[in-house]
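A.B. asks: So the protein sequences, as listed, match chains C and U.
Take 1 as the starting number for the first sequence in the numbering used here and just add one per residue.
Take 1 as the starting number for the second sequence in the numbering used here and just add one per residue.
FYI, nobody ran anything at the bench for these hints, they're computed from the structure.
Yeah, the Cβ is synthetic: ideal placement off N, Cα and C, and Gly gets one too.
Be a bit skeptical, because a hint or two may be false.
As the list claims (entries may be wrong) - With a Cα cut of at most 30 Å, we get these calculated DSSO-like pairs of lysine-lysine:
(1) C:K119 <-> C:K161
(2) C:K7 <-> U:K46
(3) U:K44 <-> C:K7
(4) C:K161 <-> U:K89
Claimed, not checked - Reference listing, derived: stretches of chain C covered by chain U, where coverage requires no fewer than 3 residues with Cβ under 8 Å from a Cβ of chain U:
(5) 21 to 33
(6) 135 to 141
To be verified - So the derived list for chain U, only partly shown, Cβ under 10 Å to chain C, looks like this:
(7) A9
(8) I53
(9) P60
(10) E61
(11) Q62
(12) I63
(13) A66
(14) I144
(15) D147
(16) A149
(17) A151
(18) I152
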Amino acid sequence: MEQLTVKVGMADLNIASNGALIRTSGLGSCVGVTLYDSVAKIAGMAHIMLPTSEIARESSFNAAKYADTAIPALIQAMENAGASITRMVAKMAGGAQMFAFASVNDSMRIGPRNVESCKLALEQVSIPIHAEDTGANFGRTIELDSATGVLTIRSVQFGIKEI
Amino acid sequence: MNDFKGLGAFKLDVLKEVGNIGAGNAATALSRLLDKPVDMAVPKVKLLPFEEIADIVGGPEQIVIAVFLRVEGDAPGNMFFIIEEPSAKRMMHQLLSFATSEQADYSEMELSALCEIGNILGGSYLSSLADFTGLSMMPTVPAIATDMAGAILSYGLLQFGEMGDSALLIETAFLEGRDMLEGHFFLIPDPGSFNKIFQALGVTSE
Chain C
1 MEQLTVKVGM ADLNIASNGA LIRTSGLGSC VGVTLYDSVA KIAGMAHIML
51 PTSEIARESS FNAAKYADTA IPALIQAMEN AGASITRMVA KMAGGAQMFA
101 FASVNDSMRI GPRNVESCKL ALEQVSIPIH AEDTGANFGR TIELDSATGV
151 LTIRSVQFGI KEI
Chain U
1 MNDFKGLGAF KLDVLKEVGN IGAGNAATAL SRLLDKPVDM AVPKVKLLPF
51 EEIADIVGGP EQIVIAVFLR VEGDAPGNMF FIIEEPSAKR MMHQLLSFAT
101 SEQADYSEME LSALCEIGNI LGGSYLSSLA DFTGLSMMPT VPAIATDMAG
151 AILSYGLLQF GEMGDSALLI ETAFLEGRDM LEGHFFLIPD PGSFNKIFQA
201 LGVTSE
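Given the sequences, and given the hints that come with them, work out the whole structure.
C.D. replies: Rendered as structure tokens:
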């Protein structure tokens with residue numbers, strides 16, 4: 001049986017269940033946060049672009065774009081589908097620094113800042129981080145299996161790995 | 001000014017001309033460097049959702065080589081020179097007299113040469129723009145990466161991310177005769193730079 005794949009775009013979030021896969025491609029400095037409830041077998045994924053909504057200069061912003069708003073929104077979406085926050089575990093990937101510069105200003109190290117804010121947001125709701133593959137300088141495509149909770153990470157340099 | 005959807009057809013044409021002048025000079029520079037004629041397509045100016053930007057170069061997972069230059073000065077922005085892999089190898093072959101390796105990865109020498117090509121092209125793009133607009137625009141030292149297009153391009157969209165879910169970019173494709181050397185130039189001015197460019201060119205906001 002072919003598995004259904006739910007696609008998550010940039011600055012987007014979604015959930016998958018019933019054995020479907022959920023996937024997002026081309027994570028650079030963006031961070032892909034996944035949450036998984038192994039009892040309800042519900043998987044959620046957010047493709048987070050920026051660390052905090054405090055820097056938003058738009059009046060009505062997209063919650064999935066910022067770490068501090070995307071994680072609560074993702075939890076809400078999963079709970080609506082029947083998952084429980086007490087059973088959720090997190091895995092994350094991305095947050096790379098795609099270009100190495102001699103002069104490092106703050107916006108250039110957006111990847112590590114995204115990772116830090118995601119960790120903080122998860123800590124605030126007491127969701128444990130089971131695995132991560134973050135930082136370094138390469139892009140990643142990630143896929144979470146809602147049947148098993150296994151996160152598959154693909155990159156150009158290192159091929160496929162599972163966490 | 002937060003809403004680029006409000007840009008009229010006239011202003012889009014002005015931006016297209018900006019792309020035309022910049023890329024025209026860069027194409028000339030590339031042609032001199034390779035000693036071959038280089039054609040370029042009519043520039044495209046688009047307001048695209050983040051999702052669709054990587055599709056221009058073959059989707060978010062397409063492996064590309066990108067030289068990134070941050071533009072500083074009066075009208076800051078991000079600039080990418082993106083080459084597809086086979087084209088990059090061919091360009092290396094024409095430029096460096098030694099045979100290029102057939103492997104998928106690049107030697108330090110090859111990367112450094114590609115980075116320099118990006119630097120020369122980016123520099124000629126920007127200096128012609130600076131002459132044309134009278135604004136100061138300086139490229140920073142270039143950086144190079146080979147990776148998925150989505151991962152690379154998203155880096156140039158962060159400034160737009162703070163104020164919306166789409167970006168306005170000026171894109172020009174290069175073709176080199178039958179060899180099909182394919183390259184793309186992306187100029188993604190920061191959201192605040194558009195008004196400066198318009199003002200410098202005497203385009204009044206109605």
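A.B. asks: If a hint holds in the structure, say so; if it does not, say that too.
C.D. replies: Checked hints:
Taking the CA atoms of K119 of chain C and K161 of chain C, the gap is near 22 Å; set against the 30 Å cutoff, the hint holds. Distance check on the hinted pair: K7 of chain C and K46 of chain U sit about 24 Å apart at the alpha-carbon level, within 30 Å; holds. For the suggested pair K44 of chain U and K7 of chain C, the alpha carbons sit about 28 Å apart, so the restraint of at most 30 Å is met. In summary, the hint linking K161 of chain C to K89 of chain U is supported, as the alpha carbons are separated by about 28 Å, within the 30 Å threshold.
Only residues whose beta carbon comes within less than 8 Å of a beta carbon in chain U count, and the segment 21 to 33 of chain C has 6; three or more means the coverage holds. Residues of the segment 135 to 141 of chain C lying with their CB closer than 8 Å to a CB of chain U number 5, which satisfies the three-residue condition for coverage. Residue-level restraint check for A9 of chain U is violated (minimum Cβ-Cβ distance to chain C is 25 Å; threshold 10 Å). With a cut of 10 Å, the hint placing I53 of chain U at the interface with chain C holds, because the nearest CB-to-CB distance is about 9 Å.
With a least beta-carbon distance of about 3 Å to chain C, the hint placing P60 of chain U at the interface is held under the 10 Å criterion. The criterion of a C-beta within 10 Å of any C-beta in chain C is met by E61 of chain U, whose closest approach is roughly 5 Å, and the hint holds. Given the 10 Å rule on beta carbons, the hint for Q62 of chain U holds: about 9 Å separates it from the nearest Cβ of chain C. At a threshold of 10 Å, the smallest CB-CB gap from I63 of chain U to chain C is about 6 Å, leaving the interface hint in force.
Satisfaction of the interface hint for A66 of chain U is found here, the shortest Cβ-Cβ separation to chain C being roughly 9 Å, below the 10 Å cut-off. The interface hint given for I144 of chain U is met, as the beta carbon of that residue sits about 8 Å from the closest beta carbon of chain C, less than 10 Å. The interface hint given for D147 of chain U holds, since its Cβ lies 4 Å from the closest Cβ of chain C, which is under the 10 Å cut-off. The beta carbon of A149 of chain U is positioned within 10 Å of a beta carbon in chain C (closest approach about 7 Å), and the interface hint is therefore held.
Satisfaction of the interface hint for A151 of chain U is found here, the shortest Cβ-Cβ separation to chain C being roughly 3 Å, below the 10 Å cut-off. Because the smallest distance between the Cβ of I152 of chain U and any Cβ of chain C comes to about 6 Å, under 10 Å, the interface hint for this residue holds.
Of the numbered hints given earlier, the model fails hint 7 alone.
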